[in-house]
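Assemble the complex: chain U is given as a structure, and chain Y must be docked to it using the hints.
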Amino acid sequence: MSLPEYERAGGYQGLRKALTMQPADVTELIKRSNLRGRGGAGFPTGSKWSFVPMGKDAPHPKYLVANADEMEPGTFKDRALMERDPHQLIEGMIVAAYAIEADIAYIFLRGEYEWPNQCLSKAIAEAKASNYLGRNILGSGYSLEIHLHASAGRYICGEETALLNALEGKRAHPRTKPPFPQVCGLWGKPTIVQNVETLCNVHHIVNKGPDWFRRLSLTEDGGTKLFGVSGKVKRPGLWELPMGTPLREILEDHAGGMRDGLRFRGLLPGGASTDFLVEEHLDTPMDYGNVQKVGSRLGTGTMVVLDDQTCPVGMVWNLEHFFAQESCGWCTPCWSGLAWTEKILLAMEQGRGSARDLETLTFQTKFLAPGNTFCALAPGAVEPLQSALKYFAEDFRRHIDEHRCPWR
Amino acid sequence: MLTVEEREEIDAKLADYPNTQAVAIEAMLIIQRRQGWVSDEKLRDLSEILRLSVANLDGVATFYNLIRRRPVGRHVALVCDSVSCWIMGSDRMRDHLCSKLGTPIGGTTSDGQFTLLPIVCLGACDHAPAMMIDGTLHEDLNEQKIEEILTQYT
Chain U
-16 MSLPEYERAG GYQGLRKALT MQPADVTELI KRSNLRGRGG AGFPTGSKWS
34 FVPMGKDAPH PKYLVANADE MEPGTFKDRA LMERDPHQLI EGMIVAAYAI
84 EADIAYIFLR GEYEWPNQCL SKAIAEAKAS NYLGRNILGS GYSLEIHLHA
134 SAGRYICGEE TALLNALEGK RAHPRTKPPF PQVCGLWGKP TIVQNVETLC
184 NVHHIVNKGP DWFRRLSLTE DGGTKLFGVS GKVKRPGLWE LPMGTPLREI
234 LEDHAGGMRD GLRFRGLLPG GASTDFLVEE HLDTPMDYGN VQKVGSRLGT
284 GTMVVLDDQT CPVGMVWNLE HFFAQESCGW CTPCWSGLAW TEKILLAMEQ
334 GRGSARDLET LTFQTKFLAP GNTFCALAPG AVEPLQSALK YFAEDFRRHI
384 DEHRCPWR
Chain Y
2 MLTVEEREEI DAKLADYPNT QAVAIEAMLI IQRRQGWVSD EKLRDLSEIL
52 RLSVANLDGV ATFYNLIRRR PVGRHVALVC DSVSCWIMGS DRMRDHLCSK
102 LGTPIGGTTS DGQFTLLPIV CLGACDHAPA MMIDGTLHED LNEQKIEEIL
152 TQYT
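Just so you know, the protein sequences line up as chains U and Y, in that order.
Using this note's numbering, the first residue of the first sequence is number -16, and each one after it goes up by one.
Using this note's numbering, the first residue of the second sequence is number 2, and each one after it goes up by one.
Isolated chain U (complex conformation):
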């Protein structure tokens, strides 16, 4: 969408309105909207902003960073936003930056996203030419630059503190918290790191109000959500739907159900680092609280579907192979534990598994659980594994007993 098209659709009205408000009042609106981060963790956005030091004594420069790393396998939502509606992200960023009195903003974009890079570069230039960006935005006295930073690929860059190290041109190891980035982030200054989809909601909330935003949802978590489905369904794709849309509706009405001749066995509800849900969970409303109640996480809201002709052990091996490869190596439980986990699953797939391997895998899910590693990569990595051991136990056992993968 070009700038004139975006403006015709009501674009930059949220920014115009925000610039007439006090920054703290913008944050208050976001708090009241109940917008939660769409990158996977679901932290309340307004609360996050309220931790940033404000006022004349606050340290400067302050930074806003759009997290456009999107390397979680099965996740393809931010790419669509940046390719099809780049000004929506830019407007959201300017409003968010205004709310925290940021001086400079960066878009941290994964290197493989070449087309989004071109779309965003063009949109940034258009926004600057129309004084939505740059010095004295729309005569308000507020100034902001947005720089597009192309990254060079590592899953850990999506973790907010690792992202900061990557943006500083270093290896992307996570940082110790506290201090939290809101107080001590990029180059030691206050920084908000926010997912692309989250930022795309911000100016709509300012423009139309927090109550409007909350009413878009079917449940208590405000707004809409981009839901995606991949795997052997009839119509894989991406849809913006009310938060709380039932899983069955997404899978059957929007994705068209399973392909002919295939049966649904389970899915990862929000990318590679979430626990499997199975048939008994299909009536779950897709929001943060309800998905958690049934033992998983909403995550990115982009689902990966497992059918009855695809090997669950092979699928989990593929996932653990990814996580083991992408471990940054900073802490031992993660780099060593995930490599071990992957090796066991590969042996099982190749018919070399033993009953004891199941005990070891179960141990790994506890050994790599939250609190035992430096960041959330390894705990996320074992989520699909722990739920696969629960729901597909028979499939693991068949691999061991038959000394082969039954799907080959």
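Quick caveat, the hints were computed from the structure, so don't treat them as lab data.
Among the hints, erroneous ones may be present.
List of simulated lysine to any residue pairs, SDA-like, C-alpha gap at most 25 Å [said to hold, decoys possible]:
(1) U:Lys0 - U:Ser123
(2) U:Lys160 - U:Trp313
(3) U:Lys217 - Y:Asp92
(4) U:Lys217 - Y:Lys146
(5) Y:Lys14 - U:Glu128
(6) U:Lys217 - Y:His128
(7) U:Lys326 - Y:Ile106
(8) U:Lys217 - Y:Arg93
(9) U:Lys153 - Y:Gln36
(10) Y:Lys14 - U:Gly117
(11) U:Lys153 - Y:Asp46
(12) Y:Lys14 - U:Pro44
(13) U:Lys0 - U:Lys191
(14) U:Lys172 - Y:Leu51
(15) U:Lys215 - Y:Gly90
(16) U:Lys172 - Y:Pro19
(17) Y:Lys14 - U:Ala112
(18) U:Lys153 - Y:Arg70
(19) Y:Lys14 - U:Gly171
(20) U:Lys276 - U:Arg197
(21) U:Lys153 - Y:Glu42
(22) Y:Lys146 - Y:His128
(23) U:Lys349 - U:Glu332
(24) U:Lys215 - Y:Met133
(25) U:Lys326 - Y:Pro119
(26) Y:Lys14 - Y:Leu3
(27) U:Lys153 - Y:Leu3
(28) U:Lys105 - Y:Arg35
(29) U:Lys153 - Y:Asp17
(30) U:Lys326 - U:Arg391
(31) U:Lys105 - Y:Ile134
(32) U:Lys153 - Y:Arg71
(33) U:Lys373 - U:Thr348
(34) U:Lys215 - Y:Glu144
(35) U:Lys153 - Y:Pro72
(36) U:Lys215 - Y:Arg93
(37) U:Lys0 - U:Tyr(-11)
(38) U:Lys160 - Y:Tyr65
All of these numbers come straight from a predicted model, not from anything done at the bench.
Only chain Y this time, still in chain U's reference frame:
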């Protein structure tokens, strides 16, 4: 030596950051875009411009998946091996591609035309399996489509 164009592009990036370390990754990608990889010679030149040690830059380069410190073929195919592509048969597509080009993943064809590399999720999960050649995304791959795509690059 860095070319004039490389130098200009790197200098423009320097304006976006408060120090030279922050430009390290993008500068290496700028170099790589033209010659396919980052040679020792280019890395030395870059270290002088950015006033950073070669060891520092090499340490950064070897951490990231997309920075290449060894030569590649004229075209680089990034083959997605992540979960959605795997479910949709990326193993079979990969084997077909390797067999057509006569090189395994990680290798370069004998005529120097193609280098095949694995990549994690390209964000094209609803059009899996997918691969990217020289920055262009190719989706919904099947064996026939792979052969048609290859003819575009030869």
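Right, here's what the structure says about each hint:
1. Of the pairs offered as hints, the one joining lysine 0 of chain U and serine 123 of chain U holds, with about 11 Å between alpha carbons and a cut-off of 25 Å not exceeded.
2. A distance of roughly 15 Å separates the Cα atoms of lysine 160 of chain U and tryptophan 313 of chain U; the hinted pair therefore holds under the 25 Å criterion.
3. As the CA atoms of lysine 217 of chain U and aspartate 92 of chain Y are separated by approximately 21 Å, the hinted pair is consistent with the 25 Å bound.
4. For the hint pairing lysine 217 of chain U with lysine 146 of chain Y, the CA-to-CA distance comes to about 20 Å; that is within 25 Å, so the pair holds.
5. Between lysine 14 of chain Y and glutamate 128 of chain U, the direct Cα distance comes to roughly 13 Å. Compliance with the 25 Å bound is thereby established for this hinted pair.
6. For the proposed pair lysine 217 of chain U and histidine 128 of chain Y, the alpha carbon gap of about 12 Å is at most 25 Å, so the pair holds.
7. Distance hint between lysine 326 of chain U and isoleucine 106 of chain Y is fulfilled; the C-alpha atoms sit about 20 Å from each other, no more than 25 Å.
8. Simply put, lysine 217 of chain U and arginine 93 of chain Y have alpha-carbon atoms about 21 Å apart, close enough for the 25 Å limit, and the pair holds.
9. The hinted pair formed by lysine 153 of chain U and glutamine 36 of chain Y meets the criterion: a straight-line CA distance of about 23 Å does not exceed 25 Å.
10. Proposed proximity of lysine 14 of chain Y and glycine 117 of chain U is supported: the alpha carbons are some 17 Å apart, at most 25 Å.
11. Using a Cα cut-off of 25 Å, the hinted pair lysine 153 of chain U and aspartate 46 of chain Y holds, with the two alpha carbons roughly 19 Å apart.
12. Annotation: proposed proximity of lysine 14 of chain Y to proline 44 of chain U holds, straight-line Cα distance about 19 Å (limit 25 Å).
13. Restraint check for lysine 0 of chain U and lysine 191 of chain U: satisfied, since their Cα atoms lie roughly 10 Å apart, inside the 25 Å limit.
14. Distance hint between lysine 172 of chain U and leucine 51 of chain Y is fulfilled; the C-alpha atoms sit about 23 Å from each other, no more than 25 Å.
15. Note on lysine 215 of chain U and glycine 90 of chain Y: the hinted pairing holds, with a Cα-Cα distance of about 10 Å set against a maximum of 25 Å.
16. With a C-alpha separation of about 12 Å, the suggested pair lysine 172 of chain U and proline 19 of chain Y falls inside the 25 Å cut-off, and the hint holds.
17. Our distance criterion of 25 Å between C-alpha atoms is met by lysine 14 of chain Y and alanine 112 of chain U, whose separation comes to about 20 Å.
18. For the hint pairing lysine 153 of chain U with arginine 70 of chain Y, the CA-to-CA distance comes to about 17 Å; that is within 25 Å, so the pair holds.
19. For the hint linking lysine 14 of chain Y to glycine 171 of chain U, the alpha-carbon distance of about 21 Å falls within 25 Å, and the restraint holds.
20. In summary, the hint linking lysine 276 of chain U to arginine 197 of chain U is supported, as the alpha carbons are separated by about 21 Å, within the 25 Å threshold.
21. Distance check on the hinted pair: lysine 153 of chain U and glutamate 42 of chain Y sit about 21 Å apart at the alpha-carbon level, within 25 Å; holds.
22. Proposed proximity of lysine 146 of chain Y and histidine 128 of chain Y is supported: the alpha carbons are some 13 Å apart, at most 25 Å.
23. Among the hinted pairs, lysine 349 of chain U with glutamate 332 of chain U is consistent with the structure: their alpha-carbon atoms are about 22 Å apart, no more than 25 Å.
24. Only pairs whose Cα atoms come within 25 Å are accepted, and lysine 215 of chain U paired with methionine 133 of chain Y is accepted, the gap being roughly 22 Å.
25. Distance restraint check for lysine 326 of chain U and proline 119 of chain Y: the Cα-Cα separation of roughly 19 Å lies within the 25 Å cut-off, and the hinted pair is therefore satisfied.
26. Our distance criterion of 25 Å between C-alpha atoms is met by lysine 14 of chain Y and leucine 3 of chain Y, whose separation comes to about 15 Å.
27. Taking the CA atoms of lysine 153 of chain U and leucine 3 of chain Y, the gap is near 22 Å; set against the 25 Å cutoff, the hint holds.
28. With a C-alpha separation of about 22 Å, the suggested pair lysine 105 of chain U and arginine 35 of chain Y falls inside the 25 Å cut-off, and the hint holds.
29. Our distance criterion of 25 Å between C-alpha atoms is met by lysine 153 of chain U and aspartate 17 of chain Y, whose separation comes to about 16 Å.
30. A threshold of 25 Å between alpha carbons decides the hint, and for lysine 326 of chain U with arginine 391 of chain U the separation of about 19 Å falls inside it, so the pair holds.
31. Taking the CA atoms of lysine 105 of chain U and isoleucine 134 of chain Y, the gap is about 23 Å. The hint holds against a cut of 25 Å.
32. Of the pairs offered as hints, the one joining lysine 153 of chain U and arginine 71 of chain Y holds, with about 21 Å between alpha carbons and a cut-off of 25 Å not exceeded.
33. With a C-alpha separation of about 12 Å, the suggested pairing of lysine 373 of chain U with threonine 348 of chain U holds against the 25 Å cut-off.
34. The suggested pairing of lysine 215 of chain U with glutamate 144 of chain Y holds, with an alpha-carbon distance near 18 Å, which does not exceed 25 Å.
35. Between lysine 153 of chain U and proline 72 of chain Y the alpha-carbon distance is near 23 Å, which keeps this suggested pair within the 25 Å criterion.
36. Of the pairs offered as hints, the one joining lysine 215 of chain U and arginine 93 of chain Y holds, with about 16 Å between alpha carbons and a cut-off of 25 Å not exceeded.
37. Between lysine 0 of chain U and tyrosine -11 of chain U, the direct Cα distance comes to roughly 16 Å. Compliance with the 25 Å bound is thereby established for this hinted pair.
38. For the given pair, lysine 160 of chain U sits about 24 Å from tyrosine 65 of chain Y by alpha-carbon distance, which is consistent with the 25 Å threshold.
Hint violations for this structure: none, all hints satisfied.
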